[in-house]
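Listed below are the residues making up each chain.
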Amino acid sequence: MSILDSKVPEGPIKDKWTKHKNDINLVNPANKRHIDIIVVGTGLAGGSAAASLAEMGYNVKAFAYQDSPRRAHSIAAQGGINAAKNYQNDGDSNYRLFYDTVKGGDYRSREANVYRLAEVSGNIIDQCVAQGVPFAREYGGLLDNRSFGGVLVSRTFYAKGQTGQQLLLGAYSAMNRQIGKGKITMYNRHEMLDLVKIDGKARGIIARDLVTGKIEKHSAHAVVIASGGYGNVFFLSTNAMGSNATAAWKIHKKGAFFANPCYTQIHPTCIPRSGDHQSKLTLMSESLRNDGRIWVPKHMKDVEAIRAGKLKPTEIEEENRDYYLERRYPAFGNLVPRDVASRAAKERCDAGYGVNATGEAVYLDFKSAINRYGNEKAHVLGIHNPSDAKIIELGEGVIEAKYGNLFQMYEKIVDQNPYKTPMMIYPAVHYTMGGIWVDYNLMTTVPGCYAIGEANFSDHGANRLGASALMQGLADGYFVLPYTIGDYLSNEIRTGEIPTDSKEFNDAEKEVSDRLEKLVNIKGTKSVDYFHKKLGLIMWNNAGMARNATELKEAIDKIKAIREEFWKDVRVSGSTNSFNPELVKAGRVADFLELGELFARDALDRNESCGGHFREESVELDGEQKGEAKRDDVNYKYVAAWEFTGEPSEAILHKEELEFNDIELKQRSYK
Amino acid sequence: MSEKKDMDLTLKIWRQKDAQDKGQMVNYPVKSISPDSSFLEMLDVLNEDLVNKGDEPVAFDHDCREGICGMCSLYINGEAHGPDRKVTTCQLHMRKFKDGDTITIEPWRANAFPVLKDLVVDRSSFDRIQQAGGFISVNTSGNTQDANAIPISKIDADNAMDAATCIGCGACVATCKNASAMLFVSAKVAQFSLLPQGKVERKERVLNMVHQMDLEGFGNCTNTGACEVECPKGISLENIAIMNTEYLKASISKKA
Numbered sequence: 000m001s002i003l004d005s006k007v008p009e010g011p012i013k014d015k016w017t018k019h020k021n022d023i024n025l026v027n028p029a030n031k032r033h034i035d036i037i038v039v040g041t042g043l044a045g046g047s048a049a050a051s052l053a054e055m056g057y058n059v060k061a062f063a064y065q066d067s068p069r070r071a072h073s074i075a076a077q078g079g080i081n082a083a084k085n086y087q088n089d090g091d092s093n094y095r096l097f098y099d100t101v102k103g104g105d106y107r108s109r110e111a112n113v114y115r116l117a118e119v120s121g122n123i124i125d126q127c128v129a130q131g132v133p134f135a136r137e138y139g140g141l142l143d144n145r146s147f148g149g150v151l152v153s154r155t156f157y158a159k160g161q162t163g164q165q166l167l168l169g170a171y172s173a174m175n176r177q178i179g180k181g182k183i184t185m186y187n188r189h190e191m192l193d194l195v196k197i198d199g200k201a202r203g204i205i206a207r208d209l210v211t212g213k214i215e216k217h218s219a220h221a222v223v224i225a226s227g228g229y230g231n232v233f234f235l236s237t238n239a240m241g242s243n244a245t246a247a248w249k250i251h252k253k254g255a256f257f258a259n260p261c262y263t264q265i266h267p268t269c270i271p272r273s274g275d276h277q278s279k280l281t282l283m284s285e286s287l288r289n290d291g292r293i294w295v296p297k298h299m300k301d302v303e304a305i306r307a308g309k310l311k312p313t314e315i316e317e318e319n320r321d322y323y324l325e326r327r328y329p330a331f332g333n334l335v336p337r338d339v340a341s342r343a344a345k346e347r348c349d350a351g352y353g354v355n356a357t358g359e360a361v362y363l364d365f366k367s368a369i370n371r372y373g374n375e376k377a378h379v380l381g382i383h384n385p386s387d388a389k390i391i392e393l394g395e396g397v398i399e400a401k402y403g404n405l406f407q408m409y410e411k412i413v414d415q416n417p418y419k420t421p422m423m424i425y426p427a428v429h430y431t432m433g434g435i436w437v438d439y440n441l442m443t444t445v446p447g448c449y450a451i452g453e454a455n456f457s458d459h460g461a462n463r464l465g466a467s468a469l470m471q472g473l474a475d476g477y478f479v480l481p482y483t484i485g486d487y488l489s490n491e492i493r494t495g496e497i498p499t500d501s502k503e504f505n506d507a508e509k510e511v512s513d514r515l516e517k518l519v520n521i522k523g524t525k526s527v528d529y530f531h532k533k534l535g536l537i538m539w540n541n542a543g544m545a546r547n548a549t550e551l552k553e554a555i556d557k558i559k560a561i562r563e564e565f566w567k568d569v570r571v572s573g574s575t576n577s578f579n580p581e582l583v584k585a586g587r588v589a590d591f592l593e594l595g596e597l598f599a600r601d602a603l604d605r606n607e608s609c610g611g612h613f614r615e616e617s618v619e620l621d622g623e624q625k626g627e628a629k630r631d632d633v634n635y636k637y638v639a640a641w642e643f644t645g646e647p648s649e650a651i652l653h654k655e656e657l658e659f660n661d662i663e664l665k666q667r668s669y670k
Numbered sequence: 000m001s002e003k004k005d006m007d008l009t010l011k012i013w014r015q016k017d018a019q020d021k022g023q024m025v026n027y028p029v030k031s032i033s034p035d036s037s038f039l040e041m042l043d044v045l046n047e048d049l050v051n052k053g054d055e056p057v058a059f060d061h062d063c064r065e066g067i068c069g070m071c072s073l074y075i076n077g078e079a080h081g082p083d084r085k086v087t088t089c090q091l092h093m094r095k096f097k098d099g100d101t102i103t104i105e106p107w108r109a110n111a112f113p114v115l116k117d118l119v120v121d122r123s124s125f126d127r128i129q130q131a132g133g134f135i136s137v138n139t140s141g142n143t144q145d146a147n148a149i150p151i152s153k154i155d156a157d158n159a160m161d162a163a164t165c166i167g168c169g170a171c172v173a174t175c176k177n178a179s180a181m182l183f184v185s186a187k188v189a190q191f192s193l194l195p196q197g198k199v200e201r202k203e204r205v206l207n208m209v210h211q212m213d214l215e216g217f218g219n220c221t222n223t224g225a226c227e228v229e230c231p232k233g234i235s236l237e238n239i240a241i242m243n244t245e246y247l248k249a250s251i252s253k254k255a
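These protein sequence lines map, in sequence, to chains Y and R. Just so you know, we're using numbering that gives the first Met the number 0 here: the first sequence kicks off at 0 and counts up by one. Just so you know, we're using numbering that gives the first Met the number 0 here: the second sequence kicks off at 0 and counts up by one.
Take the hints with a grain of salt, since some may be wrong.
[Unchecked claim] Think about it this way: if two alpha-carbon atoms lie no more than 30 Å apart in a straight line, the pair counts; the simulated DSS-like pairs of lysine-lysine are:
| # | chain 1 | residue 1 | chain 2 | residue 2 |
| --- | --- | --- | --- | --- |
| 1 | R | Lys-153 | Y | Lys-525 |
| 2 | Y | Lys-525 | R | Lys-16 |
| 3 | Y | Lys-584 | Y | Lys-629 |
| 4 | Y | Lys-297 | Y | Lys-654 |
| 5 | Y | Lys-567 | Y | Lys-584 |
| 6 | R | Lys-52 | Y | Lys-522 |
| 7 | R | Lys-11 | Y | Lys-522 |
| 8 | R | Lys-16 | Y | Lys-419 |
| 9 | Y | Lys-654 | Y | Lys-18 |
| 10 | Y | Lys-532 | R | Lys-95 |
| 11 | Y | Lys-180 | R | Lys-198 |
Don't read these hints as lab results, they were simulated from the structure.
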């Protein structure tokens with residue numbers, strides 16, 4: 000057995016969290032004033048944690064690389080947040096939310112953590128409403144819900160298409176109250192560049208002021224990493240430009256195990272890349288698949304004519320279209336889960352049927368929905384024998400009411416009218432389920448160092464359900480960490496203030512400064528982006544939606560080579576002691592160049608297909624599921640937690656065996 | 000995709016080494032810009048060129064590049080976030096320009112937004128206004144009342160949501176001839192005054208936020224309405240009217 004201790008409490012699953020809260024140690028209010036906590040990142044997890052810890056009486060130092068905590072990328076989440084409130088009286092319960100999340104994660108998450116998540120989900124909605132978050136309401140004044148992919152109930156709370164923004168601004172306002180009181184010291188435009196350990200415990204961080212370039216030492220009794228996911232290892236993703244893995248990677252190198260790095264979610268409905276100038280990808284809400292039908296032309300001559308600009312998609316007859324999701328998955332059709340839809344689009348495009356210049360796009364067509372809604376509406380209005388033009392007019396009105404803001408966003412970016420011609424979509428990297436390994440208390444393998452939100456691995460298994468990321472971030476920050484951190488800090492009440500003039504702090508500071516100096520002094524010939532794009536391409540081609548052993552081994556070698564080249568030939572202009580965005584980017588890409596290798600190593604180890612992870616060697620060979628993903632519960636029902644040893648791909652694998660006592664393991668089927 | 004051809008452009012960009020530097024406009028040619036690229040991607044191309052030549056790239060703020068984080072700014076040809084309406088600079092596309100155009104790019108200009116470098120300004124004054132009262136004083140606990148305990152009319156909830164969509168980018172200040180922050184401050188005041196949860200502290204909130212706004216050196220509002228026109232999220236001037244009402248009520252009853 001491994002050295003990992005998940006610290007999951009004993010007892011029935013529904014009593015574990017209550018029992019644990021009763022058993023863990025607390026810190027008395029007078030002592031909290033003498034304890035400092037560093038929180039890195041101010042998204043939903045970090046922002047809510049910083050506010051809650053400060054309210055409890057701890058001294059919090061919060062760090063954000065942006066110019067304000069309100070800018071963290073949680074703000075871009077569109078769809079909503081799940082909670083088992085059962086306001087719709089449709090049979091929802093904590094158990095159902097727990098079950099859906101474990102099943103959606105393809106049975107690769109830790110049961111006890113997920114149950115706790117479901118248990119506190121209702122509190123999140125109560126808390127946010129009390130803070131003034133303007134959730135959508137019904138005419139009776141009560142909260143409205145919508146349904147999201149992969150589940151049978153309506154449990155998603157939302158604020159237009161800007162739920163993440165409103166929840167983040169709620170956490171930001173709670174932080175502001177504590178900043179105003181002096182309980183949170185906010186460090187904007189600061190980046191954490193290393194973790195400082197003393198006697199094996201996390202005791203502080205080294206951070207860089209991004210405006211002045213000054214390296215700073217900050218001490219604390221605990222360090223909380225809430226820095227989000229690592230999707231930008233792919234260069235192109237729906238993450239913000241600045242989203243990075245540096246904080247997570249630095250603690251990994253200081254002893255925190257990295258779990259399941261290969262679990263990435265690739266979202267099927269993003270706006271395709273239009274050319275090499277592209278810097279990021281924009282997500283279109285998954286809700287579009289409720290009404291859009293996905294297709295590519297059946298015949299290659301039509302594909303070629305479209306690419307040459309000689310044929311419009313609207314001119315292709317029904318019988319010459321391949322609605323491949325409806326063809327392959329008659330039961331779920333266009334509403335198959337994200338991973339299945341993404342792989343199917345890639346399959347068609349790899350076969351040459353992509354419909355734009357880059358060959359990486361499929362159609363999402365609303366014509367049937369417009370006709371259907373138009374006819375319905377005409378009926379409602381009592382219009383008999385409506386003309387085709389009238390039907391289209393009425394139908395477009397219905398579509399606009401449902402998706403108007405998304406259609407407008409699409410038109411702004413692509414310059415085509417999606418009411419009149421099908422949208423083009425393609426999958427893009429969206430979320431990383433993998434992350435820093437944490438126990439039930441959300442503590443990493445470094446004592447006193449915690450990881451919350453997308454930065455940890457714990458709740459989504461191999462695949463995350465829609466509207467669950469916001470739920471997890473806020474659950475960790477508002478309701479889990481503030482309790483569990485006390486268990487560790489109760490032993491720190493006699494520590495006193497931690498000085499930053501110790502050898503450990505000075506050594507870490509020097510290491511950070513030396514690395515920055517090294518970066519600006521390479522004075523090579525290629526820009527940082529050159530290396531980032533090169534890495535991204537390997538990740539996408541060799542470690543993306545579908546992987547095999549040969550290509551993954553090749554990826555490891557290639558990434559090593561790029562990393563070597565980077566440290567010899569990168570050109571970083573400017574100096575270390577000034578506002579220098581190129582230097583900041585260089586540091587982040589240097590870390591991605593290491594993380595990418597571990598990612599490929601983890602993907603290579605996991606010779607099964609599960610959730611968002613598809614191994615070409617592990618498919619069903621016959622029967623109804625022929626060609627579909629084949630999970631291997633006998634050999635891979637574990638969390639892969641990697642211990643850093645020097646070279647990323649030579650990390651040591653520790654396995655946390657997963658136990659499923661409350662849920663029966665089943666094969667997913669969408670046929 | 001756009002049918003237009005790639006463009007050659009001249010950029011006139013504000014360069015300023017740091018907060019102390021005087022700063023100046025500098026001309027840069029850029030070639031073969033795709034009309035389908037965004038404005039910031041066009042600046043990426045310029046910066047890649049500058050780095051390859053060994054020059055220092057132009058510093059500008061940006062992050063999400065999907066119009067929601069509020070980090071990007073830029074005063075383009077005399078307009079906050081450029082010529083298009085209801086978009087941030089990151090969602091402005093080059094098809095809005097013509098081959099051969101000269102484009103002037105400046106930072107937000109306001110005393111309360113000092114320039115840090117090139118096109119990057121310090122907007123922490125906005126944060127300090129929010130810290131003065133832009134919140135509801137409720138602690139985190141698992142015991143707040145049930146979210147459905149207080150019904151809120153759909154109209155109030157929708158109006159509060161419209162006010163709450165402010166992204167805090169500062170375009171309203173940059174575009175106002177008085178550099179007033181009234182639209183930004185009023186959006187938060189209005190959001191909370193429309194919701195029952197926010198009504199408890201409405202007087203202190205508006206007085207404290209306005210006090211901080213004045214301390215930061217923002218100008219007064221003279222109702223020109225330029226802020227509403229340039230706001231990428233369409234925040235309504237009505238919020239300013241709501242805030243003025245709230246402020247008046249609070250001032251009178253506080254003194255009494």
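Verification of the supplied hints:
no. : hint                    : result
1   : Lys-153(R) / Lys-525(Y) : 55 Å, violated
2   : Lys-525(Y) / Lys-16(R)  : 24 Å, holds
3   : Lys-584(Y) / Lys-629(Y) : 39 Å, violated
4   : Lys-297(Y) / Lys-654(Y) : 46 Å, violated
5   : Lys-567(Y) / Lys-584(Y) : 16 Å, holds
6   : Lys-52(R) / Lys-522(Y)  : 12 Å, holds
7   : Lys-11(R) / Lys-522(Y)  : 28 Å, holds
8   : Lys-16(R) / Lys-419(Y)  : 49 Å, violated
9   : Lys-654(Y) / Lys-18(Y)  : 27 Å, holds
10  : Lys-532(Y) / Lys-95(R)  : 27 Å, holds
11  : Lys-180(Y) / Lys-198(R) : 21 Å, holds
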